[in-house]
Amino acid sequence: MTAQVDYLVVLCAATSGAGGELLGSDEKELVRLVWQQVDVNNKKLGKVNELLIKPEVSDSIEAKEPEDVVTEIVEEEENGSGADCVFNANSLETALNMFHLQLTNEVNSAGAGTSVCLCTDGQLHIRQVVHPEAASKNILIPECFYSFFDLQKEFKTHFPSSNLKALDVYTMAESLSIPAEVGTRDPSDTLPPEVAVQQVQIMANIVLTLLSEPLCHTFSNPERVNEKFETGTCKMEKVNDNTVIRARGLPWQSSDQDIARFFSGLNIAKGGAALCLNAQGRRNGEALVRFISEEHRDLALLRHKHHMGNRYIEVYKATGEDFLKIAGGTSNEVAMFLSREDQIIVRMRGLPFTATLEQVLAFFSPADALNDTCPVSGGKEGILFVRYPDGRPTGDAFVLFACDEHAQCALRKHKEILGRRYIELFKSTAAEVQQVLNRYSSAPLIPVAPAPLLSVLPTVSLLPPPVSVRDCLRLRGLPYTASIEDILTFLGEFTQDIRPQGVHMVLNQQGRPSGDCFIQMTSAERALSASQQLHKHVMSCQRGPNSRYVEVFPCSAEEMGLVLMGGSLSHTHALTHTRNRSGTGLSPPPCKSRRLSPPSYSFTPTPTILPTDAAAALYPPLGQVLLAPRPLHPGHAYYPSSAQLYMNYTAYYPSPPGSPTTVGFFPSPSALSMPGGLVRMPGLTYNSKDLINAMQGYQTPVEPLSLLSSSLMGQSGGGDPPVVSLPSLVSKPAAQYLDLSLL
1 MTAQVDYLVV
11 LCAATSGAGG
21 ELLGSDEKEL
31 VRLVWQQVDV
41 NNKKLGKVNE
51 LLIKPEVSDS
61 IEAKEPEDVV
71 TEIVEEEENG
81 SGADCVFNAN
91 SLETALNMFH
101 LQLTNEVNSA
111 GAGTSVCLCT
121 DGQLHIRQVV
131 HPEAASKNIL
141 IPECFYSFFD
151 LQKEFKTHFP
161 SSNLKALDVY
171 TMAESLSIPA
181 EVGTRDPSDT
191 LPPEVAVQQV
201 QIMANIVLTL
211 LSEPLCHTFS
221 NPERVNEKFE
231 TGTCKMEKVN
241 DNTVIRARGL
251 PWQSSDQDIA
261 RFFSGLNIAK
271 GGAALCLNAQ
281 GRRNGEALVR
291 FISEEHRDLA
301 LLRHKHHMGN
311 RYIEVYKATG
321 EDFLKIAGGT
331 SNEVAMFLSR
341 EDQIIVRMRG
351 LPFTATLEQV
361 LAFFSPADAL
371 NDTCPVSGGK
381 EGILFVRYPD
391 GRPTGDAFVL
401 FACDEHAQCA
411 LRKHKEILGR
421 RYIELFKSTA
431 AEVQQVLNRY
441 SSAPLIPVAP
451 APLLSVLPTV
461 SLLPPPVSVR
471 DCLRLRGLPY
481 TASIEDILTF
491 LGEFTQDIRP
501 QGVHMVLNQQ
511 GRPSGDCFIQ
521 MTSAERALSA
531 SQQLHKHVMS
541 CQRGPNSRYV
551 EVFPCSAEEM
561 GLVLMGGSLS
571 HTHALTHTRN
581 RSGTGLSPPP
591 CKSRRLSPPS
601 YSFTPTPTIL
611 PTDAAAALYP
621 PLGQVLLAPR
631 PLHPGHAYYP
641 SSAQLYMNYT
651 AYYPSPPGSP
661 TTVGFFPSPS
671 ALSMPGGLVR
681 MPGLTYNSKD
691 LINAMQGYQT
701 PVEPLSLLSS
711 SLMGQSGGGD
721 PPVVSLPSLV
731 SKPAAQYLDL
741 SLL
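Heads up: the sequence shown begins at 1 in our numbering, then just goes up one per residue.
Worth flagging that the hints you see were computed from the coordinates, not collected in a lab.
Label pairs and their computed distance ranges (CB to CB):
hint: 1; residue 1: Ser147; residue 2: Gly350; range: 38 to 48 Å
hint: 2; residue 1: Met98; residue 2: Ala279; range: 48 to 58 Å
hint: 3; residue 1: Tyr440; residue 2: Asp372; range: 30 to 40 Å
hint: 4; residue 1: Gly477; residue 2: Met98; range: 51 to 61 Å
hint: 5; residue 1: Tyr170; residue 2: Ser115; range: 28 to 38 Å
hint: 6; residue 1: Thr489; residue 2: Leu215; range: 43 to 53 Å
Every residue, glycine too, gets a C-beta built ideally from N, C-alpha and C.
I would like the entire structure built from these sequences, with the hints used as guidance.
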């Protein structure tokens, strides 16, 4: 609409809850519509109309007795509000249709060929009141509510210095020298009937003033409300951080259309509703939604804890990077599959690995059931199987249907049998298709290194305990929305003592922040000082109102590496605990008492059981043990160059502190009678025949085989740890090493 309209209908919507800038934020029902018609060409005002709506569910009415409700309604009708015409409606649907009918009659009485458009004070009346309530009640909204003029924006074109967020009817009237009585009313209170009529009359005078000289304003570009959500793929482009929100608490069966219905009245970008999946490929109840502008994003944040059915939905700010991780990037095959618009996507899960396209088509359209058929759109081209990079099927598939009726018919086949398995069916989205395909078809973030066959440092008294310098900090209990900037702000003056790239966030199995973080400091003294000054201080976040007290205590690099590589730290006692396989113990919180905060853990010495000769043959000198990581094949590394990776449900950010020390080589001791390597295999069975058969592929003779008893090794239980000597097949020129990758 580029030409100026003939008639403007100044509209004010009032709910049973808060008004003003909080209008619609409390999810209260619409109870009153007040409007007045303005003849743009002749600059004349029409009569003021008021439409009363009976709410279906109201907290204030439920809390009262029926007699009190009747009395209140009668008194309200007797008092009146100053409107010229008052109408009554029993429901919202009747009220909207009645409003549209009255509006049409007024326009038609003025003559044929006239155009009309609504005009409201801000965006809330249409976007936050009428559309959300109509969507929650499945009411079809008349066409006149899909375009309107925002009087505040029209006023700002002539007064650019005014603050749009601080504008209201009385402020605009004062700037235009229009007489208006400003009342002292709390915005959180319900808007009285007489005040609503007064605001409409003031708005009509503002419109006349804008139309008159010297302003001569033209109402030509109205605000638009999208009638439906446009599905599609998101191109790999930069997404503005101020246009994305994260919705949490969604029902698991919700689709992108359900999300668009929840944000009805706000314009979502094409393909801007992306459902999130967890590490197992299932929906986790979260979605990222991208709007066309920051203004619509801010209105969406006002719907925090509004209801979708019986569940309330949490709405938070998100970033464009978060949205691109979920909805961005796809292959050509997926792009071709999603190129058909206005298609309903259904996800199939649990398919037999031998399932074919013909079997899927027959599943939805069996030949023996004429009334229970739901044809797939495009036939075989409307089916997309999800496969691993090597071509193996995953048991998932996506199917296209031409209309919602066919999709609902297909969903009724949920858990029916195909072959010998029951099939799970879900309504899906384009973003979910991309996530699933990207998850299965892409290479893993980190290659899995083979597990070491034996420990590098045996836990016997012959080896001195490792010296641990507690030059790192562990932050526990972080807010889940905490970012790197929030952590640096929390550390304050100690930020300058952080090593380069020394902040490491720990993520859980679902890829979310676990509330833990490790900081590498320049010295143990600064780490101890930071822990004593910052322990149990409150951390605030920029992305939300979350604030929590954070536990800060020093730890060593070995403890940090253990957690980041997928292990865990257990609470231990300084005197009674002995070292085991579960961890190295958790450094205690800082405390002024030395007995409660020892600088390091001490362990009870283990008496020497292994003879010196046997120890020299089995365990080489500590200086010969190579603690460097075992080299993998070319092109494979423990840590990729990406900024974030997952390994054993944890992650480094932005980079690991160094190479791990849990995998390495064992040198061959010089005490052996023949060149070769020495292998220790704890936990094996007592049968040496099985062990000899297992080592036949390495050309190992029987003679070098020797089994050491449990008592000799000082072990408390388990199988005998055999010691096997390998030939010179695995030896090297300069020194004799055993490469564990050969095993």
